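Chains as they are written, first to last, in the UniProt record's numbering: chain A, 1 to 354; chain D, 1 to 354.
Since the hints were derived computationally from the structure, they do not count as laboratory data. A hint or two may mislead.
Note that identical chains are pooled: a pair holds if it fits in a single copy or bridges any two copies.
What the hints assert, rightly or not - The list that follows gives simulated cross-link-like pairs (lysine to aspartate or glutamate, EDC-like), each with its CA atoms no further than 20 Å apart:
1. Lys-289 x Glu-310
2. Lys-289 x Asp-35
3. Lys-331 x Glu-244
4. Lys-205 x Asp-109
5. Lys-211 x Glu-92
6. Lys-13 x Glu-56
7. Lys-8 x Glu-56
8. Lys-96 x Glu-182
9. Lys-205 x Glu-272
10. Lys-15 x Asp-124
11. Lys-205 x Asp-29
12. Lys-209 x Asp-334
13. Lys-176 x Glu-244
14. Lys-211 x Glu-310
15. Lys-209 x Glu-310
16. Lys-13 x Asp-99
17. Lys-211 x Asp-99
Remember, predicted model here, so these are calculated numbers, not experimental data.
Number of protein chains: 2
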Amino acid sequence: MLNIQIEKTNQPKQKPEPEELVFGAVFTDHMFVMDYEISQGWHNPKIVPYQPITLEPSAMVFHYGQEMFEGMKAYKGVDGRVLLFRPEKNIERTNKTNDRICIPQIDEDDMLQAIKALVDIDKDWIPNAGGTALYIRPFIIATDPYLGVRPSNTYKFMVIACPVGAYYKEGINPVKIWVETEYVRAVPGGVGEAKTGGNYAASIKAQMKAKERGYTQVLWLDGVERKYVEEVGTMNVFFKINGEIITPELTGSILAGVTRNSVIELLNAWGERVVERRITIDEIYEAHKAGILEEVFGTGTAAVISPVGELNYRGDMITINNNEIGALSQKIYDTITGLQTGAIKDEFGWTVEV
Amino acid sequence: MLNIQIEKTNQPKQKPEPEELVFGAVFTDHMFVMDYEISQGWHNPKIVPYQPITLEPSAMVFHYGQEMFEGMKAYKGVDGRVLLFRPEKNIERTNKTNDRICIPQIDEDDMLQAIKALVDIDKDWIPNAGGTALYIRPFIIATDPYLGVRPSNTYKFMVIACPVGAYYKEGINPVKIWVETEYVRAVPGGVGEAKTGGNYAASIKAQMKAKERGYTQVLWLDGVERKYVEEVGTMNVFFKINGEIITPELTGSILAGVTRNSVIELLNAWGERVVERRITIDEIYEAHKAGILEEVFGTGTAAVISPVGELNYRGDMITINNNEIGALSQKIYDTITGLQTGAIKDEFGWTVEV
Ligand SMILES: Cc1ncc(COP(=O)(O)O)c(C=O)c1O
Ligand SMILES: Cc1ncc(COP(=O)(O)O)c(C=O)c1O
Numbered sequence: 001m002l003n004i005q006i007e008k009t010n011q012p013k014q015k016p017e018p019e020e021l022v023f024g025a026v027f028t029d030h031m032f033v034m035d036y037e038i039s040q041g042w043h044n045p046k047i048v049p050y051q052p053i054t055l056e057p058s059a060m061v062f063h064y065g066q067e068m069f070e071g072m073k074a075y076k077g078v079d080g081r082v083l084l085f086r087p088e089k090n091i092e093r094t095n096k097t098n099d100r101i102c103i104p105q106i107d108e109d110d111m112l113q114a115i116k117a118l119v120d121i122d123k124d125w126i127p128n129a130g131g132t133a134l135y136i137r138p139f140i141i142a143t144d145p146y147l148g149v150r151p152s153n154t155y156k157f158m159v160i161a162c163p164v165g166a167y168y169k170e171g172i173n174p175v176k177i178w179v180e181t182e183y184v185r186a187v188p189g190g191v192g193e194a195k196t197g198g199n200y201a202a203s204i205k206a207q208m209k210a211k212e213r214g215y216t217q218v219l220w221l222d223g224v225e226r227k228y229v230e231e232v233g234t235m236n237v238f239f240k241i242n243g244e245i246i247t248p249e250l251t252g253s254i255l256a257g258v259t260r261n262s263v264i265e266l267l268n269a270w271g272e273r274v275v276e277r278r279i280t281i282d283e284i285y286e287a288h289k290a291g292i293l294e295e296v297f298g299t300g301t302a303a304v305i306s307p308v309g310e311l312n313y314r315g316d317m318i319t320i321n322n323n324e325i326g327a328l329s330q331k332i333y334d335t336i337t338g339l340q341t342g343a344i345k346d347e348f349g350w351t352v353e354v
Numbered sequence: 001m002l003n004i005q006i007e008k009t010n011q012p013k014q015k016p017e018p019e020e021l022v023f024g025a026v027f028t029d030h031m032f033v034m035d036y037e038i039s040q041g042w043h044n045p046k047i048v049p050y051q052p053i054t055l056e057p058s059a060m061v062f063h064y065g066q067e068m069f070e071g072m073k074a075y076k077g078v079d080g081r082v083l084l085f086r087p088e089k090n091i092e093r094t095n096k097t098n099d100r101i102c103i104p105q106i107d108e109d110d111m112l113q114a115i116k117a118l119v120d121i122d123k124d125w126i127p128n129a130g131g132t133a134l135y136i137r138p139f140i141i142a143t144d145p146y147l148g149v150r151p152s153n154t155y156k157f158m159v160i161a162c163p164v165g166a167y168y169k170e171g172i173n174p175v176k177i178w179v180e181t182e183y184v185r186a187v188p189g190g191v192g193e194a195k196t197g198g199n200y201a202a203s204i205k206a207q208m209k210a211k212e213r214g215y216t217q218v219l220w221l222d223g224v225e226r227k228y229v230e231e232v233g234t235m236n237v238f239f240k241i242n243g244e245i246i247t248p249e250l251t252g253s254i255l256a257g258v259t260r261n262s263v264i265e266l267l268n269a270w271g272e273r274v275v276e277r278r279i280t281i282d283e284i285y286e287a288h289k290a291g292i293l294e295e296v297f298g299t300g301t302a303a304v305i306s307p308v309g310e311l312n313y314r315g316d317m318i319t320i321n322n323n324e325i326g327a328l329s330q331k332i333y334d335t336i337t338g339l340q341t342g343a344i345k346d347e348f349g350w351t352v353e354v
């Protein structure tokens with residue numbers, strides 16, 4: 001158990017109107033901070049008013065990118081309870097990321113306690129309207145004031161949070177996706193399965209290229225053979241082909257999404273055929289040609305389910321399911337969002353009350 | 001021309017004794033800072049006392065690793081002049097990195113002016129003793145207080161500097177190098193040729209693994225076929241085989257080192273046979289077996305030349321040149337360090353006076 005010191009703000013901020021909520025730009029009144037030093041381990045846990053942080057210009061995070069983050073949401077349940085969705089999954093992934101980039105492990109119970117404490121103190125910030133939530137961002141940065149490549153000896157673990165609006169304001173619109181053939185996100189042996197800043201910096205250029213061409217996001221192919229499908233932007237991806245649901249297996253270069261895992265477990269519970277395996281972009285195009293590519297959708301914390309309406313691979317554009325959300329995608333979306341807000345009874349034990 | 005506002009420190013720090021100099025831990029009295037905003041471009045250039053910086057916890061650099069850095073040195077010349085070594089190369093590379101990770105370009109003359117201005121104001125910090133120098137660290141960080149993957153709209157460009165001791169205190173000792181087969185640094189299509197934090201965070205784990213086994217650094221193999229030699233830690237690498245000097249060609253996943261380029265130009269000027277091509281680790285081991293692997297050395301700003309005395313590839317250890325520095329390595333080292341300090345007349349136009 002952490003002994004969290006709490007300093008409450010005496011200048012609470014104005015909360016944004018529900019219809020003004022944008023993603024990731026407005027933060028709640030408080031933040032959680034905890035420090036790490038080799039001799040003391042993680043120590044000095046506290047909740048303080050949301051405020052800037054001060055670091056040496058030589059802090060290693062600025063130079064060598066030794067940093068990690070997580071992303072999850074708290075929902076105002078239909079009955080007024082505050083619910084987290086599978087936080088233990090994000091916490092487990094935190095330590096996997098930490099291991100890969102040599103950040104010290106963090107106690108799982110302590111991390112959950114920190115998240116709950118922050119959500120609790122800022123619970124009035126959780127919006128009520130359908131589809132809204134409080135986005136929670138735990139992150140760790142390397143703070144040693146030292147120029148040289150090695151693990152830092154000091155770190156800061158922080159949790160900040162922002163109220164976010166409904167991802168889909170007018171029904172779920174399928175997105176147009178650009179299949180990227182020039183740039184690569186990750187390869188086995190690299191850090192693709194870790195949630196660390198460098199993966200995202202590396203992805204921006206392809207994303208801009210897709211945007212310029214009128215596409216919402218990039219579909220990444222594997223970096224070795226350049227033909228296996230990996231992820232879509234910051235989402236995992238699923239294909240429904242001839243009644244079977246396929247998602248790329250976790251080969252070391254793909255982030256193990258919490259939503260991905262939830263979708264697989266849900267489909268299994270429904271008795272659907274789900275396969276985790278490598279799948280080439282050619283196979284997807286062939287399925288389309290054969291008329292058996294039924295649905296394509298991305299999965300992630302932000303949108304939960306994001307149907308793909310169009311793919312562009314080397315100029316070859318295909319439209320999926322008439323550019324409409326598929327029945328299965330809709331059912332998964334309704335079920336997961338229902339579970340997250342407590343509208344549907346949670347038989348999986350996925351929701352955790354704050 | 002930048003109009004640099006200068007605020008001098010009124011509390012100059014104690015300079016470390018020459019024999020106490022360590023790399024990257026002590027910083028000079030001042031730092032250069034310049035901001036970027038879309039509407040103003042790079043603006044507000046200033047030199048201020050070296051001090052911490054304050055950022056929002058949501059600053060993009062902490063989450064998405066949109067950051068870059070450079071590394072170069074200023075030398076106190078034999079005649080008292082202060083010399084930079086090919087700064088235009090680092091500046092050119094800055095903009096290449098910026099392009100890859102969507103940081104706005106920086107004017108080349110402005111960047112040189114900023115570096116010169118900082119070195120000039122802190123010139124008393126440049127140590128005198130042989131082998132010492134002032135290490136200069138320009139870097140850029142993304143500062144938008146925003147959680148979402150896209151290029152930042154605001155940045156900070158900074159230059160900090162630290163006096164560094166002689167890399168080799170008792171003659172040049174060859175290093176033991178671990179050939180890494182599990183982890184990968186970069187692949188074509190990724191960010192390996194950019195000097196961005198994520199590459200370094202990704203490299204720490206393999207480096208620790210090598211250290212634990214008693215090796216100084218890692219030799220990276222390519223991430224696609226896992227057989228071509230790429231780099232050694234934060235150095236490029238050269239092999240002398242049967243009189244011919246070979247260095248991996250720049251295929252997109254290798255950093256284009258300034259020292260690498262200088263070594264190639266020097267060897268060309270000397271009429272040596274230098275080849276930039278892909279080379280497998282097997283070819284190197286075969287050359288050793290045939291008795292024609294004459295020298296192996298790394299090249300980089302920190303050590304200039306670092307001879308490799310031993311390689312370990314899958315448990316197969318080979319000793320190179322009797323674990324002694326080779327004649328060619330020594331000659332290159334003496335020439336480049338001689339040029340850098342002005343001890344050797346610069347016929348290449350490589351040195352730039354501050
Ligand atoms: C690269 C990447 N892939 C997939 C995901 C989806 O993961 P999750 O479902 O845990 O949000 C994310 C977002 O976290 C991501 O950043
Ligand atoms: C990955 C990497 N390779 C090679 C080098 C050598 O480059 P340079 O000679 O410009 O110092 C460096 C250091 O800058 C580096 O970080």
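A quick look at each hint next to the structure:
In this assembly of identical chains, the alpha carbons of Lys-289 and Glu-310 lie at most 20 Å apart only when taken from the same copy (14 Å versus 56 Å across copies). Proximity of Lys-289 and Asp-35 under a CA criterion of 20 Å is satisfied in neither setting, with 55 Å inside one chain copy and 52 Å between copies. In this assembly of identical chains, the alpha carbons of Lys-331 and Glu-244 lie at most 20 Å apart only when taken from the same copy (16 Å versus 66 Å across copies). For a Cα distance limit of 20 Å, the shortest separation of Lys-205 from Asp-109 qualifies neither inside one copy, at 38 Å, nor across copies, at 26 Å.
With identical chains, the CA atoms of Lys-211 and Glu-92 are never at most 20 Å apart, being 33 Å at best within one copy and 27 Å at best between copies. In the homo-oligomer, the alpha carbons of Lys-13 and Glu-56 lie at most 20 Å apart only across protomers (16 Å), although the nearest pairing inside one protomer, at 29 Å, exceeds that limit. In this homomeric assembly, Lys-8 and Glu-56 come within 20 Å of each other (Cα to Cα) only across copies, at 18 Å, whereas the closest approach inside a single copy is 27 Å. In this assembly of identical chains, the alpha carbons of Lys-96 and Glu-182 lie at most 20 Å apart only when taken from different copies (17 Å versus 29 Å within one copy).
When the C-alpha separation of Lys-205 and Glu-272 is checked against a cutoff of 20 Å, the pair qualifies neither within a copy, at 37 Å, nor between copies, at 40 Å. Taking the shortest alpha-carbon separations for Lys-15 and Asp-124, only the intra-copy value of 9 Å comes in at or below 20 Å, while the best inter-copy value is 52 Å. In this assembly of identical chains, Lys-205 and Asp-29 lie within 20 Å of each other by CA distance neither inside one copy nor across copies; the values are 34 Å within and 37 Å between. Taking the closest pair of Cα atoms, Lys-209 and Asp-334 never come within 20 Å of each other, the shortest separation being 32 Å inside a single copy and 46 Å across copies.
With identical chains, the CA atoms of Lys-176 and Glu-244 are never at most 20 Å apart, being 23 Å at best within one copy and 52 Å at best between copies. Within a single copy, Lys-211 and Glu-310 get their C-alpha atoms as close as 14 Å, which meets the 20 Å cut-off; across copies the closest is 49 Å, which misses it. Taking the shortest Cα distances, Lys-209 and Glu-310 sit within 20 Å of each other inside one copy (16 Å), while across copies they are farther apart (44 Å). With identical chains, the CA atoms of Lys-13 and Asp-99 are never at most 20 Å apart, being 37 Å at best within one copy and 38 Å at best between copies.
In this homomeric assembly, Lys-211 and Asp-99 come within 20 Å of each other (Cα to Cα) only across copies, at 17 Å, whereas the closest approach inside a single copy is 34 Å.
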